[in-house]
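Each chain is listed here by its residues.
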Amino acid sequence: MKEVPPLYRWLLDRLNFKAFVVGFIAVLIVLSITGRVVAHHNFYSHFQRFHLFIEAQTLFYPTASQLREIVKSKIQHQKNGKIAVIIGGNSVFIGVGQSEKELWTNKLQKLLGKKYKVVNLAFRGGGIQESGAIAAQALIKEGYKKLIYIANTSPGNIGNPEGWSVYNYFYWDALDKGLLKPYPARAKYIREHPYGPTTEDLKLRMWLDSLFYANDLWTTIGYRWVFTVWNAILINDLPHSTWYQWLVPRRLYPDIDFSQPVPLKARYPASEEKRVIELIDNYCHPMFQLEDGLWTPKTDFWDDFNQKVVVTLPDNLKRRSLIVVMDISPHYVKQLDSLKERCWNRNANTTVRTFRRHGYHSTKAGFNFAPEDYLDHVHLVSSGGEKLAAHLAPQIRAIAQELGYVKSNQKEPKT
Amino acid sequence: MIFLSPWFLIFIAIIALLYWTIPLLDNWITPQKWIKQGLILIASCCFYWHCGGGLIGILPVLILGAITYGCGVTQQKRWCIAGVVACVVTLVFYKYTLFLSQSLVSLIPGLNAASILSTVIPTTPPLGISFFVFEFIHYLVDVMRGSPAIAHPFQFAQFGLFFPTLVAGPIKRYEQFVPQIEKLSPRIAKADILYGSIRIAVGLLKKIVADNLTIYLAFWSDHFDWLTTEWRWVALGFMALRIYLDFSGYSDMAIGYARWFGIKIPENFNFPYIATNIREFWQRWHISLSNWIRDYIYIPLGGNRHGISRKILNALIAFTLCGLWHGAGWNFALWGLYHGVGLAISSNYKAALGGLGQGIHAGLNRLPLLCWAITLLYVCFGWLLFFYPLPQAWRMAQLLVGAT
Numbered sequence: 002m003k004e005v006p007p008l009y010r011w012l013l014d015r016l017n018f019k020a021f022v023v024g025f026i027a028v029l030i031v032l033s034i035t036g037r038v039v040a041h042h043n044f045y046s047h048f049q050r051f052h053l054f055i056e057a058q059t060l061f062y063p064t065a066s067q068l069r070e071i072v073k074s075k076i077q078h079q080k081n082g083k084i085a086v087i088i089g090g091n092s093v094f095i096g097v098g099q100s101e102k103e104l105w106t107n108k109l110q111k112l113l114g115k116k117y118k119v120v121n122l123a124f125r126g127g128g129i130q131e132s133g134a135i136a137a138q139a140l141i142k143e144g145y146k147k148l149i150y151i152a153n154t155s156p157g158n159i160g161n162p163e164g165w166s167v168y169n170y171f172y173w174d175a176l177d178k179g180l181l182k183p184y185p186a187r188a189k190y191i192r193e194h195p196y197g198p199t200t201e202d203l204k205l206r207m208w209l210d211s212l213f214y215a216n217d218l219w220t221t222i223g224y225r226w227v228f229t230v231w232n233a234i235l236i237n238d239l240p241h242s243t244w245y246q247w248l249v250p251r252r253l254y255p256d257i258d259f260s261q262p263v264p265l266k267a268r269y270p271a272s273e274e275k276r277v278i279e280l281i282d283n284y285c286h287p288m289f290q291l292e293d294g295l296w297t298p299k300t301d302f303w304d305d306f307n308q309k310v311v312v313t314l315p316d317n318l319k320r321r322s323l324i325v326v327m328d329i330s331p332h333y334v335k336q337l338d339s340l341k342e343r344c345w346n347r348n349a350n351t352t353v354r355t356f357r358r359h360g361y362h363s364t365k366a367g368f369n370f371a372p373e374d375y376l377d378h379v380h381l382v383s384s385g386g387e388k389l390a391a392h393l394a395p396q397i398r399a400i401a402q403e404l405g406y407v408k409s410n411q412k413e414p415k416t
Numbered sequence: 034m035i036f037l038s039p040w041f042l043i044f045i046a047i048i049a050l051l052y053w054t055i056p057l058l059d060n061w062i063t064p065q066k067w068i069k070q071g072l073i074l075i076a077s078c079c080f081y082w083h084c085g086g087g088l089i090g091i092l093p094v095l096i097l098g099a100i101t102y103g104c105g106v107t108q109q110k111r112w113c114i115a116g117v118v119a120c121v122v123t124l125v126f127y128k129y130t131l132f133l134s135q136s137l138v139s140l141i142p143g144l145n146a147a148s149i150l151s152t153v154i155p156t157t158p159p160l161g162i163s164f165f166v167f168e169f170i171h172y173l174v175d176v177m178r179g180s181p182a183i184a185h186p187f188q189f190a191q192f193g194l195f196f197p198t199l200v201a202g203p204i205k206r207y208e209q210f211v212p213q214i215e216k217l218s219p220r221i222a223k224a225d226i227l228y229g230s231i232r233i234a235v236g237l238l239k240k241i242v243a244d245n246l247t248i249y250l251a252f253w254s255d256h257f258d259w260l261t262t263e264w265r266w267v268a269l270g271f272m273a274l275r276i277y278l279d280f281s282g283y284s285d286m287a288i289g290y291a292r293w294f295g296i297k298i299p300e301n302f303n304f305p306y307i308a309t310n311i312r313e314f315w316q317r318w319h320i321s322l323s324n325w326i327r328d329y330i331y332i333p334l335g336g337n338r339h340g341i342s343r344k345i346l347n348a349l350i351a352f353t354l355c356g357l358w359h360g361a362g363w364n365f366a367l368w369g370l371y372h373g374v375g376l377a378i379s380s381n382y383k384a385a386l387g388g389l390g391q392g393i394h395a396g397l398n399r400l401p402l403l404c405w406a407i408t409l410l411y412v413c414f415g416w417l418l419f420f421y422p423l424p425q426a427w428r429m430a431q432l433l434v435g436a437t
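Going down the list, the protein sequences come from chains B and P.
Under my numbering, residues 2 to 416 are what the first sequence spells out, in order.
Under my numbering, residues 34 to 437 are what the second sequence spells out, in order.
Keep in mind the hints are simulated off the structure, nothing from the lab.
All C-beta atoms in this analysis are idealised placements derived from N, C-alpha and C, irrespective of residue type, glycine included.
Among these hints, one or two may not hold up.
To be verified - Here are the computed distance ranges between Cβ atoms for each label pair:
no.	chain 1	residue 1	chain 2	residue 2	range
1	P	G270	B	H286	44 to 54 Å
2	P	G103	B	H286	26 to 36 Å
3	P	T157	B	D305	29 to 39 Å
4	P	I350	B	D301	56 to 66 Å
5	B	T199	P	V125	50 to 60 Å
6	P	R338	B	V28	49 to 59 Å
7	B	K19	P	G335	34 to 44 Å
8	P	L137	B	S166	29 to 39 Å
9	B	P185	P	L51	26 to 36 Å
10	P	F304	B	T35	34 to 44 Å
11	P	K297	B	V28	20 to 30 Å
12	B	T199	P	S342	51 to 61 Å
13	P	P186	B	H194	48 to 58 Å
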């Protein structure tokens, strides 16, 4: 064969075409099968939460199958055993501000007792429709119906039904792999309101992955044996990191989030005041307008919000869900003038009522916490997590009773 | 990167399988050559339509292609020159007008050049414009010089839109490409598929390493002063490695995909970092571009036919334009000029310095390792100009030599 560089000439002289084709197809099949097999096993040892080194910021992307398997292994694959309490939502619920030992979900577990198993599947920047919700839907489809899903949101905030830009891949991953029951209303809404041009690329990618299960295989290899994508966070956030740190399997990375307490003075820097107050303002004005001194909801916004609330989760998950509308730190709330504070509260109440109207359970949290309970304007430290757990535990038990998971005359566990 | 997008993977799988199936239908389909050519053309159009932004994206290349074909088929000098002018004007309009206008307007204090001009001047050039314009110019100049024009418009379209080389080259020569299209083999060339697959796999591997280096450099270039001196030099080496792997990886994949269809396109890289002088570097780096610059800018300017001074000037102009071709920015022009200066020095110091030059030359001939090290160092420092604005490149260079 002419015009072939010598290096390739050497290789071509030794390769047989048929052997190459058969080998290529065989390897593809073997890897795909391996991917499917590992997708049905939980490889996350001693899982507590998706800390910094096993999530998107460090270029590690867990799959929908893996989320499902984590919960199944925690409840020991028993469909009628423990009640799975699946936590979704964002950095507030993942416990930013709390070390692994102080995690609010561990406190919730203690309060709920052995009949329940709390599994924290929240992600930084996650939404109520992502991660935990996807896992919950996948489990319901498999017959694991004794579950309660809890996620947090901020007032008036829901996002698109398939999720936000970082973790919306969970929805398409689960959909293409058949982990979700068909929900025509949601599919119709998503078709009519495409997220953006990158969604088409994402959809194609997830469809291809549903054929080859490459992501499941890759994340398993990356978690267990070797990871080959460099990331700056590995250098900055890990003390004593080496130049080959990025190759180390992710299971060996510790959960270093907030292992050291942050002093109260450092939590509310003056430079943040203006930004946070503007943030709160932005929560109000798209959603409410001032008429005769009263905040009235803007119809356009809340009609859209209502529509999204209806289609975001299927009905069989809605009644198992508790959506928690979180307050910001009272350090900032008390700086609002009474008008803005009323708007903020009105927003939170309207959000809760809207979720309840459409079949969810919903509650507010944080509205009676202290500034010391917060790490910054939204995230909770250990004491705040404790209060959150104490606030939610009775509601979870009430939902469990309502759904028939427990009998109403059963006593609450001693704490 | 388009070749790694899920759309392209599905696209190439379908097109390649269809193409390889055609010879199996020998008893039912004749002539196969037309069907294969048609498939390549349709695939190229679909590729450009999807990746180039639909009708708005494909129109400029179609119109310019039609003009080029029309001018070329006349085989008359004035029409070929008109076609070249149309190509150059198109390239300048889409790629450089905004940049040049911003540079001029930014001289007026208080005006936000970017926001004003971006409303009237295109901010995104058509996909692959730098490559297909150069191929059109090459075609017209060669026709003007006496080479036969491409008679059939579909063959010209295949030359202009051939999807493996459309986005990032190599820059093809029609005299080598068109005969291959005309004589597409009726059989499945197993050796071509095998070789193509190997090239694609090698390209993929290079891209994976290059992408890692890109993430690494994206972080450390903003924090260059955090690194120790030793690690700064490592980062410089990574810069050189990254662009080589990125670009040559893409070329490998382009060559591989073209081979799947039985078409050979020119090699673009030949271990450039083993070069022992700048001239040799450019004979090994982006070979299709450097050959184009030589044949259509340097030689028409006079080349080395009018004395040393003119030779140096021609080289500086050619390389500055080569730099600007890479991107609409003064740092690219500076990078090109930097290489022009390097080439001028390495090619002419012997004649310019007389006896001393002869002595240096003789000494360097005995120390090829030193020549290699100097060349590599020169090229690596050049990458600072290529990737970063001048103030940042200068600062990084200072930090490399230990300045605080």
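Here is what the structure says about each hint:
The hinted range of 44 to 54 Å is satisfied by P:G270 and B:H286, whose Cβ atoms lie roughly 52 Å apart. For P:G103 and B:H286, the Cβ-Cβ distance of about 58 Å falls outside the hinted range of 26 to 36 Å, so the restraint is violated. Checked against the given bound of 29 to 39 Å, the beta carbons of P:T157 and B:D305, roughly 31 Å apart, stay inside it. For the hinted restraint 56 to 66 Å between P:I350 and B:D301, the CB-CB distance of approximately 60 Å keeps it satisfied.
A hinted range of 50 to 60 Å is violated for the C-beta pair B:T199 and P:V125, which are about 31 Å apart. At roughly 57 Å, the beta-carbon separation of P:R338 and B:V28 lies within the given 49 to 59 Å, and the hint holds. Distance hint check for B:K19 and P:G335: the Cβ-Cβ separation is about 56 Å, which falls outside the suggested range of 34 to 44 Å. A C-beta distance of roughly 38 Å is found between P:L137 and B:S166, which places it inside the suggested range of 29 to 39 Å.
Under the hint 26 to 36 Å, the C-beta atoms of B:P185 and P:L51, about 35 Å apart, fit the expected range. For the hinted restraint 34 to 44 Å between P:F304 and B:T35, the CB-CB distance of approximately 37 Å keeps it satisfied. A hinted range of 20 to 30 Å holds for the C-beta pair P:K297 and B:V28, which are about 28 Å apart. Hint check: B:T199 to P:S342, Cβ distance near 53 Å, so the stated range 51 to 61 Å holds.
At about 43 Å, the CB distance of P:P186 to B:H194 disagrees with the hint of 48 to 58 Å.
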